[in-house]
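Residue 48 in my numbering sits at position 48 of the sequence shown; the count goes up by one each step and never skips.
You may find that some hints are simply not true.
As the list claims (entries may be wrong) - With a Cα cut of at most 27 Å, we get these calculated DSS-like pairs of lysine-lysine:
#1 K4 with K33
#2 K79 with K49
#3 K75 with K23
#4 K75 with K49
#5 K22 with K4
#6 K25 with K4
#7 K79 with K4
#8 K75 with K4
Source of the hints: derived by calculation from the structure; they are not laboratory data.
Remember, it's a predicted structure, so these values are computed and weren't measured experimentally.
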Amino acid sequence: MNEKINVLGVDIDNVTMDEAVKKAKTSIEENKKLFIVTANPELLLTCEKNNVICRTIANADLIVADGVGVLIGSKLRGKNF
1 MNEKINVLGV DIDNVTMDEA VKKAKTSIEE NKKLFIVTAN PELLLTCEKN NVICRTIANA
61 DLIVADGVGV LIGSKLRGKN F
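Starting from the given sequences, assemble the full structure and let the hints guide the process.
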């Protein structure tokens, strides 16, 4: 679960839904906090303009693609989620 795909400067975790859910369940079972970001196209564009938001997102435990625009962006970079 370490592979990441960079879309507009944001490293998005290349995980399946099952892998993301497993990580969330494990965190709940271990009573640990988990910072999850659902990166949609609007958020990625905001990141380009706002370094504070971008740094905050980069500190997330899990960043998942949210929306067909992000999937298309990754395909344009030669990667697939």
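Against the structure, the hints come out as follows:
1. K4 with K33: 21 Å, holds
2. K79 with K49: 24 Å, holds
3. K75 with K23: The given pair, whose Cα atoms are some 25 Å apart, holds under the 27 Å limit.
4. K75 with K49: Satisfied, since the Cα-Cα distance of roughly 23 Å is no more than 27 Å.
5. K22 with K4: Cα-Cα ~18 Å, so holds.
6. K25 with K4: 21 Å, holds
7. K79 with K4: 10 Å, holds
8. K75 with K4: Within the cut-off at roughly 13 Å; holds.
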